[in-house]
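S.K.: Keeping their order, the protein sequence lines are chains Z and F. Residue numbering for the first sequence follows the numbering used here, starting at 288 and increasing by one per position. Residue numbering for the second sequence follows the numbering used here, starting at 141 and increasing by one per position.
Since the hints were made in silico from the structure, they are not lab data. A few of these clues could be false.
Here are the simulated lysine to aspartate or glutamate pairs, EDC-like style, with alpha carbons at most 20 angstroms apart [claimed, not checked]:
#1 F:Lys222 - Z:Asp404
#2 Z:Lys383 - Z:Asp360
#3 F:Lys246 - F:Glu215
#4 F:Lys238 - Z:Asp342
#5 F:Lys242 - Z:Glu353
#6 F:Lys222 - F:Glu212
#7 F:Lys242 - F:Glu231
#8 F:Lys235 - Z:Glu318
For the chain F half of the interface with chain Z, some residues (derived, Cβ under 8 angstroms), not all of them [unchecked claim]:
#9 Leu214
#10 Asn223
#11 Ile227
#12 Met237
#13 Lys238
#14 Trp241
#15 Asp248
#16 Glu283
#17 Asn285
#18 Glu288
Even for Gly, the Cβ is constructed at its ideal location relative to N, Cα and C.
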Amino acid sequence: MLRRISFYVVIILFFLGGCSDEHGTSPTSFEYEALPAPGNFEITSGSYSLTLSWDYSPENIALAKEFFVYVVDPYQYGGNIYPVDTLTVAEYNTSKGCTFDKLAANMEFCFVVSAVDLSGIEGRRAEAECGTTSAP
Amino acid sequence: MRLVTVILLTILFFSSAVCSAPVDGVVYSTLFPGWGQMKTGRYGRGTLFMGTELIALTGLVIANIQYDRDVEALEYSSQLFKNATYIGDLEYYSKQMKDKWKDADKMDSYRKVLAGAAIGIWAISLIDMIWGSDAEEVPISMEINKNEFLITKSFKF
Numbered sequence: 288m289l290r291r292i293s294f295y296v297v298i299i300l301f302f303l304g305g306c307s308d309e310h311g312t313s314p315t316s317f318e319y320e321a322l323p324a325p326g327n328f329e330i331t332s333g334s335y336s337l338t339l340s341w342d343y344s345p346e347n348i349a350l351a352k353e354f355f356v357y358v359v360d361p362y363q364y365g366g367n368i369y370p371v372d373t374l375t376v377a378e379y380n381t382s383k384g385c386t387f388d389k390l391a392a393n394m395e396f397c398f399v400v401s402a403v404d405l406s407g408i409e410g411r412r413a414e415a416e417c418g419t420t421s422a423p
Numbered sequence: 141m142r143l144v145t146v147i148l149l150t151i152l153f154f155s156s157a158v159c160s161a162p163v164d165g166v167v168y169s170t171l172f173p174g175w176g177q178m179k180t181g182r183y184g185r186g187t188l189f190m191g192t193e194l195i196a197l198t199g200l201v202i203a204n205i206q207y208d209r210d211v212e213a214l215e216y217s218s219q220l221f222k223n224a225t226y227i228g229d230l231e232y233y234s235k236q237m238k239d240k241w242k243d244a245d246k247m248d249s250y251r252k253v254l255a256g257a258a259i260g261i262w263a264i265s266l267i268d269m270i271w272g273s274d275a276e277e278v279p280i281s282m283e284i285n286k287n288e289f290l291i292t293k294s295f296k297f
């Protein structure tokens, strides 16, 4: 009988052992000063092409490494976005934007752009802008 | 010296109580609260101890399963947070991590309360078996007379 009791006591201890604390301490608050979204984001229509341009202040340019350009999925409401281009700061300083050519005529495309800081954290994204390609 | 006397008297009192208690009932109550009470004919108390113990243990198992799920969700959010590079994702997963941690912490508190309740019921059941039992009482008795017999079933609550 004593062995039986010991067996049950061991089971209870095992069960209580299974109640160990695994969630640790409360996660610390996340605070990070991310780069702001590019301003005056515009799309200019061209023949089978779209030209994207945006402004970014020199102070923020100094903190940025590159820009990400995304296209918005036209078939999903609220849409997923897919990266289509990366512009280095040097490229941006030269062109102040980028151009997509060889696109289908009379089609609407929506884009989103953002800046990436020197530690690789992508900043706020600009509101999506849309443009329609034209035929020559 | 006074402390030693108190301890010795307590041991003496406890051991005398244990010795005078029905051994089978104590053993059964050790195995599961209320079982010993049932065995000694106190069905009301037995049902109460068994019922509350079952509720506490069931709640404990459910809280434990939910806790494990919350911890898994917390670890998943933590992994997504570590892999995120976009500030929007970082903020979102950080908030999600906090929410999941709060859920896990709440479930952990429930688990501790329920484990405490289960152990408490077990202890009370044992104490009741040792001090509160009436070993003389026979749950079923039969009295045979000349032309009749009488079966008596007694219940204690």
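S.K.: Each of the hints needs a verdict: does it hold here or not?
M.R.: Status of each hint after checking the structure:
no. : hint                : in the structure
1   : F:Lys222 - Z:Asp404 : holds, 17 angstroms
2   : Z:Lys383 - Z:Asp360 : violated, 24 angstroms
3   : F:Lys246 - F:Glu215 : holds, 16 angstroms
4   : F:Lys238 - Z:Asp342 : violated, 36 angstroms
5   : F:Lys242 - Z:Glu353 : violated, 37 angstroms
6   : F:Lys222 - F:Glu212 : holds, 15 angstroms
7   : F:Lys242 - F:Glu231 : holds, 17 angstroms
8   : F:Lys235 - Z:Glu318 : holds, 11 angstroms
9   : Leu214              : holds, 6 angstroms
10  : Asn223              : violated, 12 angstroms
11  : Ile227              : holds, 4 angstroms
12  : Met237              : holds, 5 angstroms
13  : Lys238              : holds, 6 angstroms
14  : Trp241              : holds, 6 angstroms
15  : Asp248              : holds, 6 angstroms
16  : Glu283              : violated, 34 angstroms
17  : Asn285              : violated, 40 angstroms
18  : Glu288              : violated, 41 angstroms
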